[in-house]
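Asker: So the chains spell out like this:
There are 2 protein chains.
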Amino acid sequence: MTQPIRIERTTNPKPRPKASELGFGKYFTDHMFILDYDAGLGWHDARIVPYQPITLDPAAKVFHYGQTIFEGLKAYRTEEGKIVLFRPDMNMKRLNRSNDRLSIPAVDEALGLEALRQLVQVDQDWIPDAPETSLYVRPFVISTEAALGVSPSLQYKFIIIMSPVGSYYSEGIKPVSIYVESDYVRAVAGGVGHVKTAGNYAAGLKAQEGATAQGCAQVLWLDGVHRKYVEEVGSMNVFFRLGDKIVTPALTGSLLPGITRDSVIHLLRHWGLEVEERLVTIDELVEAQKDGSLKEIFGTGTAAVISPVGSLYWKGEKLTIGNGSTGEVSARVYETMTGIQTGRLEDPFGWRVSVE
Amino acid sequence: MTQPIRIERTTNPKPRPKASELGFGKYFTDHMFILDYDAGLGWHDARIVPYQPITLDPAAKVFHYGQTIFEGLKAYRTEEGKIVLFRPDMNMKRLNRSNDRLSIPAVDEALGLEALRQLVQVDQDWIPDAPETSLYVRPFVISTEAALGVSPSLQYKFIIIMSPVGSYYSEGIKPVSIYVESDYVRAVAGGVGHVKTAGNYAAGLKAQEGATAQGCAQVLWLDGVHRKYVEEVGSMNVFFRLGDKIVTPALTGSLLPGITRDSVIHLLRHWGLEVEERLVTIDELVEAQKDGSLKEIFGTGTAAVISPVGSLYWKGEKLTIGNGSTGEVSARVYETMTGIQTGRLEDPFGWRVSVE
Ligand SMILES: Cc1ncc(COP(=O)(O)O)c(C=O)c1O
Ligand SMILES: Cc1ncc(COP(=O)(O)O)c(C=O)c1O
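Just so you know, the protein sequences line up as chains A and B, in that order. Numbering that gives the first Met the number 0 puts the first residue of the first sequence at 0, with every later residue one more than the last. Numbering that gives the first Met the number 0 puts the first residue of the second sequence at 0, with every later residue one more than the last.
Don't read these hints as lab results, they were simulated from the structure. Any given hint might turn out to be false.
[Said to hold, decoys possible] Listed next, the in silico DSS-like pairs over lysine-lysine satisfying Cα-Cα at most 25 Å (straight line):
1. A:Lys227 x A:Lys25
2. A:Lys205 x B:Lys92
3. A:Lys92 x B:Lys92
4. B:Lys317 x B:Lys289
[Claimed, not checked] Covered stretches of chain A (in silico footprint by chain B; criterion: 3 or more residues with CB under 8 Å from a CB of chain B, positions within the stretch not fixed):
5. 40-48
6. 61-70
7. 153-163
8. 189-201
[As the list claims (entries may be wrong)] If you only want the chain A side, here are some residues facing chain B, beta carbon under 8 Å, derived:
9. Gly24
10. Met31
11. Pro57
12. Gly323
13. Gly349
14. Val352
Idealized CB from N, CA, C, for every residue including glycine.
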């Protein structure tokens with residue numbers, strides 16, 4: 000049986016930020032969930048407590064050896080006032096795949112889901128209701144044992160914090176420019192690119208700096224072995240509309256199996272579109288752009304849901320995708336995904352999970 | 000001019016562990032160094048304070064995006080009672096190369112060196128003096144801004160903690176068995192394997208588990224692209240005695256430029272031995288082992304200094320190196336390196352830096 004969750008409510012609630020000030024990940028709700036792990040004891044002491052600082056020994060392993068993983072998902076308030084999460088079971092499964100790769104003990108998925116539900120309920124007044132806002136939920140695990148020496152930690156904390164986030168597209172969904180990265184590498188099969196661990200993101204900052212300097216919003220990552228297969232765009236999976244087909248990079252072990260990616264594949268197939276998961280080279284894309292068969296590119300991820308790509312910078316050349324504006328499929332996927340997530344549309348796949 | 004360092008001494012010194020109980024990285028000294036960074040202000044408020052916990056917001060970037068780097072070096076008490084550090088300038092230079100790769104603002108190297116000197120002086124009674132013990136010094140930088148969103152932190156802490164460490168070889172220097180890893184990959188050029196950032200170490204734990212299960216002490220890492228070039232052994236650089244030559248993998252961008260590696264190369268050349276820095280395949284090693292020309296293998300790193308390899312496990316086969324005991328060059332390098340480090344031998348290269 001799943002252990003009970005103790006709840007200690009804040010006596011000092013914080014002021015709520017205005018919807019227009021939200022941004023992403025700047026404000027945090029009144030409460031957080033904590034679960035401790037100690038070797039021998041296992042995961043224990045599940046609790047929801049007032050949002051508060053964490054106090055760690057400076058030798059805590061997370062600071063030195065990076066044994067840490069995270070997840071990201073969103074809670075929405077539907078038009079009828081119901082609170083829903085989008086496919087949280089997928090996040091808990093991926094969290095444990097990440098844990099396994101990082102030698103962190105598995106978390107009871109039922110307990111994790113119950114913690115998500117209860118925490119969202121406790122802080123439900125923090126779910127913003129302006130259009131396209133949501134409550135971003137961040138579960139993460141850190142290794143806390145105070146000991147130098149490269150070995151799995153004997154202590155961990157599983158924590159969930161939440162942040163009300165604004166609309167990603169305050170001026171409507173808009174395509175971005177993407178820099179095709181040829182020097183830096185995000186991940187390689189045999190490494191940790193297929194799981195959500197902190198080090199992957201720090202390693203990508205330098206390439207992002209370069210992209211920004213070129214006036215681009217994000218990086219398109221190529222594989223680290225052949226330096227030609229397209230993998231991800233920024234921290235999103237990527238889809239291409241090539242002729243009549245939708246193509247997305249196969250899960251070769253160096254890219255993250257995104258939950259939005261999985262959902263979009265289901266949706267497209269449900270619509271009767273042909274979707275291929277396979278290797279895609281940058282050369283194939285460049286050729287298809289030149290002969291006009293590359294109609295659309297879009298990224299998929301929890302934060303932006305869908306991010307249309309208006310142009311690619313590759314070897315000093317700017318390649319406009321389609322006519323540079325949001326493509327037909329991108330727009331339809333965006334409308335449908337956000338519609339399902341927020342309860343505006345029917346949910347044929349049973350993806351919404353009510354927290355009540 | 001380098002900023003002054005404020006010193007606040009503990010009023011509550013901890014008991015000293017016995018030399019026999021030291022181990023590695025389990026005990027920490029009475030004081031630590033802290034330097035803060037805030038965007039706009041730069042690095043400021045250099046201070047030595049009682050060893051104490053760090054309090055961070057649960058949204059601190061280090062927990063989520065892994066923007067963090069570290070260094071490792073040792074302080075020794077020489078037979079005449081002088082306190083020395085080994086090539087600390089090299090550590091400060093590498094620290095800033097790591098900072099650069101991880102988009103962390105550079106630390107003033109002169110201030111870093113001064114901090115090392117003053118901290119070691121303040122806690123000099125913690126330097127153990129039993130043979131082959133030392134004070135391990137761990138400078139590190141963590142990103143502390145409380146904000147989700149993948150971008151460089153606007154706040155950091157540069158911290159130095161210290162741990163008295165026992166002899167690595169309590170029963171004398173002894174060769175270890177090494178598992179040649181063919182599934183997991185440590186790093187790839189274009190990534191972060193050439194710098195000291197936390198994520199590299201977490202990513203290696205799983206392979207280490209596999210090595211342990213095979214009765215091996217460490218993993219021999221192959222490159223992530225061709226899966227055949229030898230890169231490092233555990234968290235050490237690696238050297239091979241092949242016929243008359245000493246060979247060590249070239250710094251191709253996926254391995255760490257070890258300070259012990261650099262020192263050993265200097266030392267071997269000083270002795271008139273031929274040292275090659277080049278690509279080395281596992282097949283070349285297997286062949287050389289079979290024809291008898293692979294005389295010795297040893298790892299190099301700050302913690303163990305020299306770690307002789309007695310056997311390699313590769314494709315289900317155990318390959319004994321030399322006669323399985325510590326080789327001639329390995330032993331001579333170990334004696335000389337530890338002799339220079341601890342002041343037992345002359346220091347022809349000017350590597351020892353006195354802290355007084
Ligand atoms: C590297 C990376 N790729 C892809 C994604 C998209 O995954 P999801 O759709 O589950 O949000 C994410 C995270 O959100 C990510 O961090
Ligand atoms: C991955 C890795 N390789 C090699 C080394 C050896 O470097 P050094 O000789 O500077 O200690 C270290 C660290 O000590 C390391 O972490």
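Asker: Each hint: holds or not?
Answerer: Evaluated hints:
no.	hint	result
1	A:Lys227 x A:Lys25	violated, 36 Å
2	A:Lys205 x B:Lys92	holds, 19 Å
3	A:Lys92 x B:Lys92	violated, 42 Å
4	B:Lys317 x B:Lys289	holds, 12 Å
5	40-48	violated (count 0)
6	61-70	holds (count 8)
7	153-163	holds (count 3)
8	189-201	holds (count 9)
9	Gly24	holds, 3 Å
10	Met31	holds, 6 Å
11	Pro57	holds, 5 Å
12	Gly323	violated, 26 Å
13	Gly349	violated, 28 Å
14	Val352	violated, 22 Å
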